[in-house]
Amino acid sequence: MNPARPSPGSSPPGGEREPGRGEPAPHTVDAVPWEARPFQGQRAGIVTRTAANVVDFAVAVGALAAGYATWCAVTFLVNPAKFSFPRLSFLVALVCCGTFLFAYMTVSWATTGRTYGDHLLGLRVVNFRGERLRWAGAVVRAGFCVLLPIGLYWAVVSPVNRSVQDTLLRTSVIYDWTTRRRTPPRMSRPG
Amino acid sequence: MRAPRDHHGHIVHDLPVAPLGPQDAVVQGVRAGFGGLSLGVGVALRALEESATAPPPSGSRVPVSDVADLLAGTAWAVARLSGRLAAAGARITAPVLGLVLRPPLVPLRLQPAYGVNLVVTRWRRDRPETLRTLGRVSAAALPGVVDAALGQVDVDEVATVVLDRLDLDVLVAEIVGRLDVEMATLAVLARVDLTRIASTAIESTDLARVIEDALGRVDLDALLTSALGRINLTSVVTEQVDLGGVVAAALEHVDLTQIVMQQVDLIGVAEYVVDGIDLPEIIRDSTGSVASEAVVGLRMQGVDADLVLGRVVDRMLHRRRERRAEQGPQPVGSPSSDAERPTGKPV
Chain A
147 MNPARPSPGS SPPGGEREPG RGEPAPHTVD AVPWEARPFQ GQRAGIVTRT AANVVDFAVA
207 VGALAAGYAT WCAVTFLVNP AKFSFPRLSF LVALVCCGTF LFAYMTVSWA TTGRTYGDHL
267 LGLRVVNFRG ERLRWAGAVV RAGFCVLLPI GLYWAVVSPV NRSVQDTLLR TSVIYDWTTR
327 RRTPPRMSRP G
Chain B
887 MRAPRDHHGH IVHDLPVAPL GPQDAVVQGV RAGFGGLSLG VGVALRALEE SATAPPPSGS
947 RVPVSDVADL LAGTAWAVAR LSGRLAAAGA RITAPVLGLV LRPPLVPLRL QPAYGVNLVV
1007 TRWRRDRPET LRTLGRVSAA ALPGVVDAAL GQVDVDEVAT VVLDRLDLDV LVAEIVGRLD
1067 VEMATLAVLA RVDLTRIAST AIESTDLARV IEDALGRVDL DALLTSALGR INLTSVVTEQ
1127 VDLGGVVAAA LEHVDLTQIV MQQVDLIGVA EYVVDGIDLP EIIRDSTGSV ASEAVVGLRM
1187 QGVDADLVLG RVVDRMLHRR RERRAEQGPQ PVGSPSSDAE RPTGKPV
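Taken in sequence, the protein lines are chains A and B.
Just so you know, we're using our numbering here: the first sequence kicks off at 147 and counts up by one.
Just so you know, we're using our numbering here: the second sequence kicks off at 887 and counts up by one.
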């Protein structure tokens, strides 16, 4: 028994090409646990999204802290004799945090479709076609989220689990535990 | 043809035959008598020849049969001459006899013919009773007579002689032609214990030799091909055979692992499977998205919390329809666009 092997690289990923005779039929084997597969592709609820945002906010705070430490280190190295911790007003810190979050979310959504918080909670942001956001869409949504974070909680009362930003921009935050840059197909439970 | 009988089974002689005259009756009687005489002489001569113990003496002698034939021929010639004379006398005496039987000017009751008719009438009246009496006597005496007769005869030899003279083929063909063979067969089978006969036949038969002989005469390939062409072997096997038991019994005697390792290109199969299932993508998923059991637990708890909170809010808002959490249009060209669309009702 010697099965015919396809030549390496002859079958494109994703299985778009019809398999020839002797070639293995492309199969999609998902690493997502069975218990989570029914939820893949559905819009996420408020708890998961809040948790993801908390993680992202923690990332932003960490980044600000790292920036502040860097600033202190540079100041110290420039003039150690007159070194003192620089004072940072709340407004400046808020603006810096908002700016970082804006850039962070924009780049994340436009490139991978998910921030680190989304990745940790298994979420992905997609447009009305179910595709990754374009840069313009990511910029607008990130700005909207930074300026009106409370809009997230419209998802609590929304019958379709959509925040204000999602409703206006026709985007969705879905469960997606895979690393593929596409929306995973919904699968049924085994047995 | 069976003779007609009355309700007691006795033969009656009222057949519609032409009345026989006295002259013809005498002729027939004389001929029959000579026939019986010839038959009796033949039988007697044969019995004498068979019972003779001493060999015939040499020399030319006149055979007894020739002597007997000479005597019988002489008697036959005398009888013929007597018959002709009697016929001529009857023709001459007939008018005289009629005048005697019915004399003119004599009352009817006093004529001799009247007395003759009276005698004949009484005989015809009493004849059935005499026949019945004869029948009863015969029924009582015949078994004894037959038994006594058969006691004097070698029945086996008689049967052999009869069978030698019979054309059995013609006789059997005639019998079969008159019989309803199917009905006769069914009647025989109804009275026969076929099971016992078959058992006896099987016990007294060398079945192995019979089967071997039969197999030697049969074209087994053609027979099996024809039989298999007429039946659905797959359905028969799947319905009648315990396939699980057969496979289990076969696997008990077979080292499947060794066979697979010897006969199967496992490396080729493994590469074939890996190429078919996109293993690198699976590894990326396993190590990238599902980092650890803790992350999986966190995600599942988040999903459960989403569902619970959504149901609570829907209940507070008196919302009867459940949340439509399905995503919008699927990406074009992705597998999910051809897959089952989400129903929005988390399972």
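Hint data in this document are derived by calculation from the structure and do not stem from the laboratory.
Some clues are possibly wrong.
[Claimed, not checked] Where chain B lies over chain A, by a calculated footprint (3+ residues, C-beta under 8 Å):
#1 182-192
#2 224-233
[Said to hold, decoys possible] Examples of chain B residues toward chain A, derived with CB under 7 Å:
#3 E936
#4 E1179
#5 A1180
#6 G1183
#7 V1189
#8 A1191
#9 R1197
#10 V1198
#11 R1209
Where is the CB? At the ideal position from N, CA and C, for every residue including glycine.
Results for each hint:
Interface restraint, the stretch 182-192 of chain A with chain B: holds (9 residues with C-beta to C-beta distance below 8 Å; minimum three). Only residues whose beta carbon comes within less than 8 Å of a beta carbon in chain B count, and the stretch 224-233 of chain A has 0; fewer than three means the coverage is violated. Checking E936 of chain B against chain A by beta carbon gives a least distance of about 93 Å; that is not within 7 Å, so the hint is violated. Interface restraint check for E1179 of chain B: the shortest CB-CB distance to chain A comes to about 10 Å, outside 7 Å, so the restraint is violated.
The interface hint given for A1180 of chain B is broken, as the beta carbon of that residue sits about 10 Å from the closest beta carbon of chain A, more than 7 Å. About 10 Å separates the beta-carbon of G1183 of chain B from the nearest beta-carbon of chain A, more than 7 Å, and the hint is not met. With a cut of 7 Å, the hint placing V1189 of chain B at the interface with chain A holds, because the nearest CB-to-CB distance is about 5 Å. Look at A1191 of chain B: its Cβ gets to within about 4 Å of chain A, closer than 7 Å, so that hint holds up.
A hinted interface residue such as R1197 of chain B counts as satisfied when its beta carbon comes closer than 7 Å to some beta carbon of chain A; here the least separation is about 10 Å, so the hint is violated. Given the 7 Å rule on beta carbons, the hint for V1198 of chain B is violated: about 10 Å separates it from the nearest Cβ of chain A. Hint status for R1209 of chain B: holds, given a least beta-carbon distance of 6 Å to chain A, under 7 Å.
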